[in-house]
Amino acid sequence: MEEVRPTRSELLERRTQMQLARQGMDLLKRKRDALLVEFMDTVDETMRLARELESNTAEAQYALTIARAVDGLVAVHSAAMASRGAITVEVSGIKIMGVPVPVLTKADSTIRGPLARGYSVVGISSRVDHTAERFEVMLEGVVEYAGRETRLRRVGEEIQKTSRRVNALEQVTLPTLSEQVNYIRQTLDERAREDLFRLKKVKKKIERKKSARN
Amino acid sequence: MRRPRATDVEVDRSHDYGYCNARIRGMWSHLLDRGSLEQLVDAETLDAQIRYLSGTPYKADIEEALIYGHTVASVDRALRANVGRTWLVVLKILPEQGVGLVKAVLANWDIFDLKTILRGAHTQLSQAEIIDSLMPAATLSAAELSELAAAGSVRSVVDTLATWRMPYSRPLDAALPEYHRNGELAPLELALDRWYYSSVAARLQHRHDAGKRLVASVVGTMVDIENLRTAFRLIGAELTTAAIAEYWLEGGAHISQPSFVSLCEAADIEGILNAMRRTPYAKTLEAAAVTYLQEGSLSVLERALENLTTREVLAARRLDPLGVGVVVAFLWAKQNEVSNIRIAVTGRSVGLPEERMRRELILV
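Chains as they are written, first to last, in this note's numbering: chain B, 24 to 237; chain Z, 72 to 435.
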């Protein structure tokens with residue numbers, strides 16, 4: 024145990040610390056509960072997006088396979104060269120129970136029409152065009168999923184961190200402080216009893232001297 | 072000293088298709104038949120398919136490409152090399168009067184390669200990346216394509232073509248201002264396509280030999296199908312009539328510019344199918360319409376039209392057995408064979424169901 028000075032001021036300080044720790048623990052527990060509610064809501068949404076993304080990816084891969092098989096690798100590569108592009112994603116942030124969470128917002132939809140893919144529609148098979156469209160749909164889902172997953176991860180990490188703090192307060196800090204308060208109180212009580220005993224002894228001695236003089 | 076061979080004898084082949092067609096028939100006999108393709112589809116692994124192809128005329132190309140690994144990309148590389156070489160052989164053995172016609176058909180690949188180079192230059196890709204997606208098969212040689220791929224910018228590609236006095240530079244040069252204004256490649260590509268089909272139509276108008284009608288019919292069907300494919304995708308694009316007309320390709324057998332515009336202005340695919348009722352494509356489109364309605368995929372209709380073109384072109388062998396028909400039909404048959412092999416190999420490598428692979432094959 025940490026060395027504790029068994030004084031009245033120390034006792035008061037430890038008691039204040041205990042009260043503060045209890046309040047902190049209650050606050051952290053409430054924060055953890057609120058984060059858990061947020062986490063559960065985000066989990067449902069993230070799972071739905073993950074399933075959607077998985078199915079979109081499978082569809083895109085299937086379309087790509089058909090295009091590569093029927094039109095050939097060169098036709099797909101060639102079309103892919105023309106349809107390269109950048110996606111503008113704006114990153115802002117919000118706070119959930121004090122946890123900073125990034126919010127990803129696309130400036131434009133990633134899904135382009137057949138006339139906006141960079142290549143001319145003439146001479147491109149619908150298989151290649153369909154593949155491009157499926158990958159654009161997938162990309163749309165990737166951006167949405169990325170935002171949700173980051174939110175879920177941040178909230179999850181914060182729940183873990185808060186739980187660790189609650190546990191530390193509950194299992195370590197509060198029992199230690201309580202032990203220290205008990206120790207100081209016992210020591211102070213002991214001292215008070217000793218003082219009382221000493222005073223009684225002194226009183227007896229004084230009375231004895233007085234009776235001897237008389 | 073090497074003994075002279077029969078092929079070393081100088082033969083005047085300027086007008087006679089006899090020698091050429093005999094060679095083509097010989098090459099035709101080496102094409103994979105239906106049974107071989109079935110075996111390829113049935114092979115359980117990619118390695119088994121590669122082993123199978125090593126026992127066919129693709130052996131040399133497969134062995135050469137396998138140094139890049141036992142992958143689908145290697146097989147694709149081998150198939151491209153084989154096709155390129157085969158077409159060079161065909162161009163060599165053709166009589167002079169047929170060279171122009173066949174080159175006009177093969178120039179479709181020049182257009183594909185030029186588009187790829189323009190796309191690569193537009194997106195600042197390296198020369199190696201661009202070359203990897205080319206198909207040197209027609210009038211532009213591998214060296215010329217490599218030079219163009221190194222040009223570095225769209226302007227330089229067009230300038231290089233102009234320096235070489237290539238006719239492809241004319242439509243590109245005319246479309247360059249629009250490219251510089253919008254920074255979009257589509258107008259350049261469209262200009263190339265439009266120029267290609269109109270120049271083929273013009274070239275066929277000035278020829279009066281026996282092969283002209285046949286090649287004109289083949290090109291006419293190709294253009295019609297290209298116009299139909301475009302119309303399928305322009306539905307609901309909200310373009311003006313003038314803008315739609317820009318997408319129309321000249322030289323089609325049955326789809327004129329006004330009918331193309333009305334096809335694109337149809338409310339849906341069913342509208343296009345109804346409008347096509349009086350054309351030779353009606354039967355094919357109607358047969359594919361059921362599957363299209365079930366799956367909602369345009370590729371069903373497109374594959375059916377590709378199937379029809381292949382069958383029509385292959386029929387040219389019978390319509391013109393002593394002329395250029397045999398050559399044109401062989402080019403198609405070879406291309407179709409390569410496409411079928413690719414479907415089987417790519418399909419197997421990604422575990423595509425056999426039923427789906429068989430549906431994509433065009434077996435003639």
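Note that these hints are calculated values from the structure, not bench results.
Owing to the predicted nature of the structure, the values given are computational and were not obtained by experimental measurement.
Take these hints with a grain of salt, some might be off.
[Unchecked claim] Example chain B residues on the side facing chain Z (calculated, C-beta under 7 Å, incomplete):
#, residue
1, Gly95
2, Leu96
3, Ser101
4, Val145
5, Arg150
6, Gly164
7, Leu197
8, Pro198
[Stated by the list, open to error] Sample of chain Z residues with no beta-carbon within 12 Å of chain B, all distances over it, derived:
#, residue
9, Asp147
10, Phe183
11, Gln195
12, Arg304
13, Glu383
Every residue, glycine too, gets a C-beta built ideally from N, C-alpha and C.
Query raised in the report: Can you give the numbers of the hints that this structure goes against, from lowest to highest?
Result: 6, 7, 8, 9, 10, 11, 12
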